[in-house]
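Which chain is which? The protein sequence lines are A and B, in order.
Here the first sequence is numbered in the working numbering, starting from 1 and rising by one per residue.
Here the second sequence is numbered in the working numbering, starting from 1 and rising by one per residue.
Where hints are given, some of them may not hold.
For chains that are exact copies, the list does not tell them apart, and a pair is met inside one copy or across any two.
Unchecked claim - With a straight-line cut-off of 30 Å between C-alpha atoms, the simulated BS3-like cross-links for lysine-lysine are:
1. LYS14 to LYS70
2. LYS57 to LYS70
3. LYS86 to LYS68
4. LYS57 to LYS68
5. LYS107 to LYS68
6. LYS107 to LYS14
7. LYS68 to LYS33
8. LYS33 to LYS86
9. LYS127 to LYS23
Think of the hints as simulated: they come from the structure by calculation, not from any bench.
There are 2 protein chains.
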Amino acid sequence: MAAPTVERLRVNYKTLEDFQNFKEVGIQELSMKEELEENIIENDSESPFYGIYFGNKLVARMCLYLIKQKYDHYFEPPQDYLELWKLEVLEPYRGQGFGEAMVNHAKSFNLPVKTNARQRSDHFWEKMGFEPVTYHPERDRGENPYVWFPAGVSEQTHEED
Amino acid sequence: MAAPTVERLRVNYKTLEDFQNFKEVGIQELSMKEELEENIIENDSESPFYGIYFGNKLVARMCLYLIKQKYDHYFEPPQDYLELWKLEVLEPYRGQGFGEAMVNHAKSFNLPVKTNARQRSDHFWEKMGFEPVTYHPERDRGENPYVWFPAGVSEQTHEED
Numbered sequence: 001m002a003a004p005t006v007e008r009l010r011v012n013y014k015t016l017e018d019f020q021n022f023k024e025v026g027i028q029e030l031s032m033k034e035e036l037e038e039n040i041i042e043n044d045s046e047s048p049f050y051g052i053y054f055g056n057k058l059v060a061r062m063c064l065y066l067i068k069q070k071y072d073h074y075f076e077p078p079q080d081y082l083e084l085w086k087l088e089v090l091e092p093y094r095g096q097g098f099g100e101a102m103v104n105h106a107k108s109f110n111l112p113v114k115t116n117a118r119q120r121s122d123h124f125w126e127k128m129g130f131e132p133v134t135y136h137p138e139r140d141r142g143e144n145p146y147v148w149f150p151a152g153v154s155e156q157t158h159e160e161d
Numbered sequence: 001m002a003a004p005t006v007e008r009l010r011v012n013y014k015t016l017e018d019f020q021n022f023k024e025v026g027i028q029e030l031s032m033k034e035e036l037e038e039n040i041i042e043n044d045s046e047s048p049f050y051g052i053y054f055g056n057k058l059v060a061r062m063c064l065y066l067i068k069q070k071y072d073h074y075f076e077p078p079q080d081y082l083e084l085w086k087l088e089v090l091e092p093y094r095g096q097g098f099g100e101a102m103v104n105h106a107k108s109f110n111l112p113v114k115t116n117a118r119q120r121s122d123h124f125w126e127k128m129g130f131e132p133v134t135y136h137p138e139r140d141r142g143e144n145p146y147v148w149f150p151a152g153v154s155e156q157t158h159e160e161d
């Protein structure tokens, strides 16, 4: 089977309705809806979300957000990197490589990637070539950060506070 | 029934074993175990975790971490506040007020409290007097921040990036 196509999602009412099928819905989606209603963002403009459609149905999604070098506390040398969140495949579509296709798409930009690994998902991230970082409470707080290093990139070291 | 007693948890092998019953286990717990093994932290020292014991069994826990004023991007005026994470009540003990007792304990320090509300838990946090903040992608990224304001404290406003 060919690898599923990962698409950049557009902000419109159809996308926002599709998002309601996912578990991880919160303030970010609510904010998008309000900005669309108030014409702060244009209908059909590019969103920071990517997804996979199965026919007409959005069955997987993730958000990829470019973090600027000056905010990079994870990578050496410090650089722009991608933060990946809300990776989710709808229940009936799991185990068919959709999650892997999404993460491979994130890696295809060849920037370092950082995510907050959800409950007991370590095995998935390790299979995808991600590694846990050294835990620093001031930086990581309640997170469980896993990172992917492109060639030539390593973990930033931190002094204890 | 009297309100359950919320205790500060101590770092020792019994606590770390108890933690394995919870879903949200990750790098933070692994790091505690390594620091204990390498004598970087003393056995039975205070942890940033609080919990409720039912008999000998740890049935609920949360982490409370003091964030210093200079890192405060949520509250006006900027001040020290508590970040609350990994609030979890073991499945068979839910619906008995343990979660409420934990959050009330966090509020009892009378500092602002910030948490990242998990999937579809908005109703719980609102019942506990928390409010969603205005979403700022640079600050909030994949989070769904809910905050509790003590008297005289309000939300910090941010310019768009």
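Now the hints, each set against the structure:
no. : hint            : verdict
1   : LYS14 to LYS70  : neither (35 Å within a copy, 41 Å between copies)
2   : LYS57 to LYS70  : neither (38 Å within a copy, 45 Å between copies)
3   : LYS86 to LYS68  : both (20 Å within a copy, 28 Å between copies)
4   : LYS57 to LYS68  : neither (33 Å within a copy, 45 Å between copies)
5   : LYS107 to LYS68 : within (17 Å within a copy, 35 Å between copies)
6   : LYS107 to LYS14 : within (27 Å within a copy, 40 Å between copies)
7   : LYS68 to LYS33  : within (26 Å within a copy, 33 Å between copies)
8   : LYS33 to LYS86  : both (17 Å within a copy, 29 Å between copies)
9   : LYS127 to LYS23 : both (23 Å within a copy, 21 Å between copies)
Going through the hint list in order, the structure does not satisfy hints 1, 2 and 4.
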